[in-house]
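Asks: Heads up: the protein sequence lines correspond to chains A and B, in order.
Quick note on numbering: this note's numbering labels position 52 of the first sequence as 646, and the sequence is numbered without any gaps.
Quick note on numbering: this note's numbering labels position 68 of the second sequence as 74, and the sequence is numbered without any gaps.
Incorrect hints may appear among the rest.
[Unchecked claim] Incomplete in silico selection of chain B near chain A, CB under 8 Å:
1) Ala69
2) Ile72
3) Ile76
4) Leu81
5) Gly92
6) Thr98
7) Ala99
8) Val100
9) Ser102
10) Leu106
11) Phe108
12) Gly109
13) Ala112
14) Asp114
15) Arg273
In short, the hints are calculated from the structure, not lab data.
Quick caveat: nothing in here was measured; it's all calculated off a predicted structure.
Virtual Cβ for every residue (Gly too), placed ideally from N, Cα, C.
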Amino acid sequence: MSDRDHGSDGEIDPRLLEFLVCPLTKLRLEYDAAAQELISRAANLAFPIKNGVPIMTLDAARQLDDTVTPPRRP
Amino acid sequence: MTRSLVQSQFGANAAAYATSEVHAAGESLKMLVGMADPQPDWTGLDVATGAGHMALAFAPHVARMIASDITEEMLAETRSLAASRGITNVETAVASADRLPFGDGAFDLVCCRLAAHHFAEPAAFIAEAARVLKPGGTLALVDNVSPDEVTMPALSRAGARDASTLYNQFEKLRDPSHARALTTGEWVKMIGNAELRMVAQCVIAKEMEFGAWVRRMQCTTDTVERLASMLEHDAAGGRGHLADFLMPRRAGNELWISLRELVVVARKSA
Numbered sequence: 595m596s597d598r599d600h601g602s603d604g605e606i607d608p609r610l611l612e613f614l615v616c617p618l619t620k621l622r623l624e625y626d627a628a629a630q631e632l633i634s635r636a637a638n639l640a641f642p643i644k645n646g647v648p649i650m651t652l653d654a655a656r657q658l659d660d661t662v663t664p665p666r667r668p
Numbered sequence: 007m008t009r010s011l012v013q014s015q016f017g018a019n020a021a022a023y024a025t026s027e028v029h030a031a032g033e034s035l036k037m038l039v040g041m042a043d044p045q046p047d048w049t050g051l052d053v054a055t056g057a058g059h060m061a062l063a064f065a066p067h068v069a070r071m072i073a074s075d076i077t078e079e080m081l082a083e084t085r086s087l088a089a090s091r092g093i094t095n096v097e098t099a100v101a102s103a104d105r106l107p108f109g110d111g112a113f114d115l116v117c118c119r120l121a122a123h124h125f126a127e128p129a130a131f132i133a134e135a136a137r138v139l140k141p142g143g144t145l146a147l148v149d150n151v152s153p154d155e156v157t158m159p160a161l162s163r164a165g166a167r168d169a170s171t172l173y174n175q176f177e178k179l180r181d182p183s184h185a186r187a188l189t190t191g192e193w194v195k196m197i198g199n200a201e202l203r204m205v206a207q208c209v210i211a212k213e214m215e216f217g218a219w220v221r222r223m224q225c226t227t228d229t230v231e232r233l234a235s236m237l238e239h240d241a242a243g244g245r246g247h248l249a250d251f252l253m254p255r256r257a258g259n260e261l262w263i264s265l266r267e268l269v270v271v272a273r274k275s276a
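Full structure from sequences and hints, please.
Replies: Right, here's the structure in full:
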């Protein structure tokens, strides 16, 4: 797959962000600017943003791991 | 990531679609813009935009367009084509047509041109299009259709079904990512099932030069021969009705066939 940037400025347009929801749950997404990901908490998925273009297909999404679960007490 | 047939086919041939005359300047492009009657305050979504021709045709008439496609490479073509025309109100997003990543009632317009025959589930796409449309919003659709007894009254129902099967085999041989060209009747029913009201519809013939048509998909010599033989066998009195539909004819060294495009505008109730 090509990494060439065809005129996109590399930042996702904030107006585009307003329109996007999770393709699975249709719920709102959290924008992680540092990781360049759109997080769907309900679906436990992170959708990548490449050169400002959100990749909203399920096969491109990263499964969020469960490291945030608090440790069990003995 | 596993790439679907559509992603592989169009990823490899993305640039060929940016320069394809059929896709860039086809009659149905202007016709659909005229029929949809776009308004300056509209936000539109072009599903399976390919090289972006439909999105860019609407862009000057509306506030903004979002162009989506399942193939990243096609969206790169869309952005460079927009930049070359000085169009700045088009954003791109990778999305699957049957699982749109947009909220309910987000758009005044959803359009889709010459793409739905690649969809595994066209009914899911129509349902998603209806969902993301605002009340009163417009669906504008163009796609290649296969024959039925309405569009080919000279054929019996069985003959039309045979022509439809053969035509889809013909398309799939040329382009493995072809799923199925529906009939006009199937589209009308599907659009009605999604509770969209048909505003206008027409079928137009599209004359294609066979050589250019197979070159765009970079068919092998073997595939081209098989396609040509399907046409010849049929025209020479084979059992099928493919030639009745495609009407192959020679002009000098060129072989021309006729495809059919259904052009539809439908509205969601206000």
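Asks: Evaluate each hint against the coordinates.
Replies: For each hint, the structure was consulted:
1. Ala69: violated, 10 Å
2. Ile72: Given a least distance of 6 Å, the restraint on isoleucine 72 of chain B holds.
3. Ile76: holds, 6 Å
4. Leu81: This hint holds: leucine 81 of chain B lies near chain A, its Cβ roughly 6 Å from the closest one there, short of 8 Å.
5. Gly92: Given a least distance of 11 Å, the restraint on glycine 92 of chain B is violated.
6. Thr98: Holds, because the Cβ-Cβ distance from threonine 98 of chain B to chain A comes to roughly 5 Å (cut-off 8 Å).
7. Ala99: Interface hint status for alanine 99 of chain B: holds (5 Å vs cutoff 8 Å).
8. Val100: Hint on valine 100 of chain B: holds, closest Cβ of chain A at ~4 Å, below 8 Å.
9. Ser102: holds, 5 Å
10. Leu106: holds, 7 Å
11. Phe108: holds, 5 Å
12. Gly109: holds, 5 Å
13. Ala112: OK, holds: alanine 112 of chain B within 8 Å of chain A, min 6 Å.
14. Asp114: Violated. Min distance 12 Å.
15. Arg273: Violated, because the Cβ-Cβ distance from arginine 273 of chain B to chain A comes to roughly 21 Å (cut-off 8 Å).
Hints 1, 5, 14, 15, counting from the list given before, are not met by this structure.
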